[in-house]
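Novice: Chain by chain, the residues:
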Amino acid sequence: MNNRVRKLREQTVRTKPYITPERAVLITEFYRNDAKNQSSAPVLRALAFKHVLENKKIYIGEGELIVGERGPAPKAVPTYPEICCHSSEDLEILSTRKKTPYLVDKETRRIYKEEIIPYWKDRSIRNAIFSKMSQEWKAAYEAGVFTEFLEQRAPGHTVLDNKIYGKGLLDFKKDIARSMQQLDFLNDSEAYEKAEELKAMEIAADALIRYAERHAEKARELQKKEKNRERRKELKKIAEACTRVPAHVPRNFWEAIQCYWFIHLGVVTELNPWDSFNPGRLDQHLYPFYKRGLEDGSLTQEEAKELLQLLWIKFNNHPAPPKVGVTAEESNTYNDFALINTGGVKADGSDAVNELSYLILDVVEEMRIPQPSSMVQISKKTPDVFLKRALKIIKTGFGQPSVFNTDVIIQELLRQGKTIEDARNGGASGCVETGAFGKECYILTGYFNLPKVLEITLNNSFDPTTGKKVGLETGDPTLFKTYDELFGAFKKQLNHLIDVKVRGNNIIERLYAEHLPVPFLSLLINDCAVTGKDYNDGGARYNTNYIQGVGLGTVTDSLTAISYQVFDQKQVTFRQLLKALETNFEGHETLRQRLLNKTPKYGNDDDYADGIMKAIFEAYFDAIDGRPTTKGGKYRINLLPTTVHVYFGKILGATPDGRKAGDPVSEGVSPVQGADRKGPTAVIKSVSKIDHARTGGTLLNQKFAPELLADQEGQDRLAQLIRTYFKLDGHHIQFNVIDVETLCDAQKHPEKHADLLVRVAGYSDYFINLTKELQNEIIKRTEHKSF
Amino acid sequence: MSPEEILEEIQKDAAFFEESEGGITVSGGEPFSQPDFLKVFLGKCKQQNIHTALDTCGYVSSKYVEKIADKVDLFLYDIKLMDGRKHRKYTGVSNRVILKNFKKLAEESRSFLVRFPVIPGINDDVDNVRQTAEFVSACGVKNVSLLPYHRAGIEKYKALGKSYKMGNTRSPSDKQLKQIKQSFENCGLRAKIGGG
Chain B
-2 MNNRVRKLRE QTVRTKPYIT PERAVLITEF YRNDAKNQSS APVLRALAFK
48 HVLENKKIYI GEGELIVGER GPAPKAVPTY PEICCHSSED LEILSTRKKT
98 PYLVDKETRR IYKEEIIPYW KDRSIRNAIF SKMSQEWKAA YEAGVFTEFL
148 EQRAPGHTVL DNKIYGKGLL DFKKDIARSM QQLDFLNDSE AYEKAEELKA
198 MEIAADALIR YAERHAEKAR ELQKKEKNRE RRKELKKIAE ACTRVPAHVP
248 RNFWEAIQCY WFIHLGVVTE LNPWDSFNPG RLDQHLYPFY KRGLEDGSLT
298 QEEAKELLQL LWIKFNNHPA PPKVGVTAEE SNTYNDFALI NTGGVKADGS
348 DAVNELSYLI LDVVEEMRIP QPSSMVQISK KTPDVFLKRA LKIIKTGFGQ
398 PSVFNTDVII QELLRQGKTI EDARNGGASG CVETGAFGKE CYILTGYFNL
448 PKVLEITLNN SFDPTTGKKV GLETGDPTLF KTYDELFGAF KKQLNHLIDV
498 KVRGNNIIER LYAEHLPVPF LSLLINDCAV TGKDYNDGGA RYNTNYIQGV
548 GLGTVTDSLT AISYQVFDQK QVTFRQLLKA LETNFEGHET LRQRLLNKTP
598 KYGNDDDYAD GIMKAIFEAY FDAIDGRPTT KGGKYRINLL PTTVHVYFGK
648 ILGATPDGRK AGDPVSEGVS PVQGADRKGP TAVIKSVSKI DHARTGGTLL
698 NQKFAPELLA DQEGQDRLAQ LIRTYFKLDG HHIQFNVIDV ETLCDAQKHP
748 EKHADLLVRV AGYSDYFINL TKELQNEIIK RTEHKSF
Chain F
702 MSPEEILEEI QKDAAFFEES EGGITVSGGE PFSQPDFLKV FLGKCKQQNI
752 HTALDTCGYV SSKYVEKIAD KVDLFLYDIK LMDGRKHRKY TGVSNRVILK
802 NFKKLAEESR SFLVRFPVIP GINDDVDNVR QTAEFVSACG VKNVSLLPYH
852 RAGIEKYKAL GKSYKMGNTR SPSDKQLKQI KQSFENCGLR AKIGGG
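Protein sequences appear in the order of chains B and F.
Residue numbering for the first sequence follows my numbering, beginning at -2 and increasing consecutively.
Residue numbering for the second sequence follows my numbering, beginning at 702 and increasing consecutively.
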């Protein structure tokens, strides 16, 4: 990388995240003064958006070419008090906690204490959510049966398609005007609301155009003062780009990237949607600009690479909005899950890999920073050369890119009712979530603790950790005569607890629809601007809600252990087993060893355990898939953990698979850490028994010893392993390629391993930033030393 | 386990074989110590179109070799020492039948990967290396793996309470291995350091 990139990279890697009160102050100021104007909710939100963008500080850093920061400077993280009003104690925790701290200086604390907190403490949506949840919901939430994604962050989980590269915001405004004209105020009872929404979109579009112009003004001002001639030229070009986009169509590669970045900033300034925001199929969107630039000589490959690297730095400048409480436990990272897709297929089904796909991989390899995340989409048409190029980066051990199966993503989207074109233009975002890019609102509503459901079933509605009654009385398990009776009780409990979760979701979704519409994001996602409906109110072409299952491996091995040891082999009675769990296996080590070593386990291509896994998968699917959402969409399932498997394990007692109380549960669809003993091919066979096509994403982690992938032959073997998994319709696979010794050494001497990146869930993070529990969990994942 | 049970286990990996053009390797001990089982088992693999490799020291009656030769796609064949006297000294048996079997299989144009263990002070001398290379080459066989002696067995012997007789033998150096590789290549062979 060149000097400019190196310096900016150094800055983004070294600067510690800190809280800026900028946005909170502006929002509070706006609400104090203007909220009384009785505007409709969308117009109010658009005006709030405008107020922030008109008044926030404009930052153009030294050497930057792509400009714009969500806060006043890189790594300055705003808060969103209308969603979550951080108390003084929260700020103290954020600032001083050992892992993922956000520094909060004295002046900031004073501002929150005097200005922000007094106004928002009873007005935030978080407040409204918790006050509206039932006792049942609260008991389950507190027991750790599920988490609630929308209590501190807004619905987002969406990705952009190519629409901003062929149309400027001024063209978007023309579309809005057309939609406005077509409103039927005589016959459509919602026409007024729609008109307000469309009006709000227009205000939001203008606000972003103005925000870009402010950058142009700033650039011109800097240009006047600048002594260096080269830099003066650059500032002139920055000013030109910011005048041009996003109002008009970008004319070149630079403007296309700058255009996306302004749009990105708009989305993450309006609210703090989950998974920040994401350009999606970047190699597809930028390719026409790239090709044209190379052809007419206005762009070199080096320049294109530099601009991409500068975009990478922009992503890394933006840590996730601060999270506290359970949300911090479930997603304990600065990473905000923007996942750049490369490869895949085009709308006509042909292979989409192009030169830019390779250039993006070069950028990923050189930058080696946690944000943005990157992935390759591999279809059966994708050339092996592309997969192998990706493996060359994977083998260097920082967890990127992850590898996705385009053919199955398309199957998943088609099953959910998307058109074939929308499916092919889609991909995966966040960790592994499937989406129709630019056209779908796909909301993750919370993680669901599958092993906890079993624990509650085994205790007949009682949660041993909190000592409270959670869920249904499904019967005293010691009286069950068959495994089927137990499994029946488990299913009943599962359905009940999902009911509890969904009832809560329905309320929360409406709170967002009514109080926090997002006119700017709505402008970007089809077909909100046509129908005049907000993204948070079902305006998107497709609306999907997810509840993410966690601990599939742990619950499988636990039910397998009961089936095998209690009912089949009759090696232990139910009563003895429950006693052992209650005492965390104290004095029952022989039994525990039997459970660990003499019992079938998921992940070994053993049909006994895998059959039970399939039954659990089906039960989870049946409990959720197809339920209606308040947006007119459907519920679907996916299986991924971020960091919640650590939290879900922490509040879970000992489990029948031999796991001790407090230890993490399994993550994604991966087998229990250390339970897979027959090598990676057996893991893949087991995991393939899940019908991935009926999910919206599954996450499989694999760990390989570096020496296994050191030579071309090893990499070829890995490519074949991936191709086989994908032939068997697996959704996603990702790798850690770091030896255990290095990880253990990093635990002991963090100062020597400041740059050690590892794969956690659907993202990479600095190992030393992880909690001790998560570090141990990663160390414990089975390391394959041969295929 | 019966041949059927093993086959069932192998079938679980069929999807991977298809992608990698891989298959199974029968190794030991010495697979030929169970010749009847070997014949039935390999026959079943071939019926299922599974690629078969056989890892053998070649010290086996030629009538057994004949019986299974058609069912083996690749022989991983050990040639340790060309000098008959030395061979007897270190392995306890003559190498005559080993070389004879090899020659015969080579005449039938079977596929081979010759495995040459490099054991310092025992078979790594220039003469033995040259003779081995010439013999292999004369038989029309091309591929040779050099397997450097390693000391991983010491702990195992200890754990089993057995005495380890080669405690003083060191692993060959990279330089030595490269020289030996070159000697094989000089005879027109494709030599590789390490198994596989």
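Treat the hints as calculated values from the structure; they're not laboratory data.
Remember, it's a predicted structure, so these values are computed and weren't measured experimentally.
Do not take every clue at face value.
Within a straight-line C-alpha distance of at most 25 Å, the following computed SDA-like cross-link-like pairs (lysine to any residue) qualify [to be verified]:
(1) K647(B) - K782(B)
(2) K882(F) - L705(B)
(3) K389(B) - E719(F)
(4) K478(B) - N492(B)
(5) K713(F) - I725(F)
(6) K879(F) - M783(F)
(7) K4(B) - K215(B)
(8) K389(B) - K893(F)
(9) K713(F) - I55(B)
(10) K675(B) - G854(F)
(11) K781(F) - S721(F)
(12) K392(B) - R6(B)
(13) K879(F) - A853(F)
(14) K893(F) - G711(B)
(15) K675(B) - G724(F)
(16) K221(B) - T240(B)
(17) K378(B) - E722(F)
(18) K782(B) - M783(F)
(19) K221(B) - E51(B)
(20) K675(B) - S721(F)
(21) K782(B) - G854(F)
(22) K882(F) - K377(B)
Novice: Next step is simple, just say for each hint if it's right about the structure.
Specialist: Hint check:
no.	hint	result
1	K647(B) - K782(B)	violated, 30 Å
2	K882(F) - L705(B)	holds, 23 Å
3	K389(B) - E719(F)	holds, 23 Å
4	K478(B) - N492(B)	holds, 22 Å
5	K713(F) - I725(F)	holds, 12 Å
6	K879(F) - M783(F)	holds, 20 Å
7	K4(B) - K215(B)	holds, 22 Å
8	K389(B) - K893(F)	holds, 23 Å
9	K713(F) - I55(B)	violated, 60 Å
10	K675(B) - G854(F)	holds, 23 Å
11	K781(F) - S721(F)	violated, 30 Å
12	K392(B) - R6(B)	holds, 22 Å
13	K879(F) - A853(F)	holds, 22 Å
14	K893(F) - G711(B)	holds, 15 Å
15	K675(B) - G724(F)	holds, 17 Å
16	K221(B) - T240(B)	holds, 17 Å
17	K378(B) - E722(F)	holds, 19 Å
18	K782(B) - M783(F)	violated, 35 Å
19	K221(B) - E51(B)	holds, 23 Å
20	K675(B) - S721(F)	holds, 18 Å
21	K782(B) - G854(F)	holds, 19 Å
22	K882(F) - K377(B)	violated, 39 Å
In this structure, the hints that do not hold are numbers 1, 9, 11, 18, 22, in rising order.
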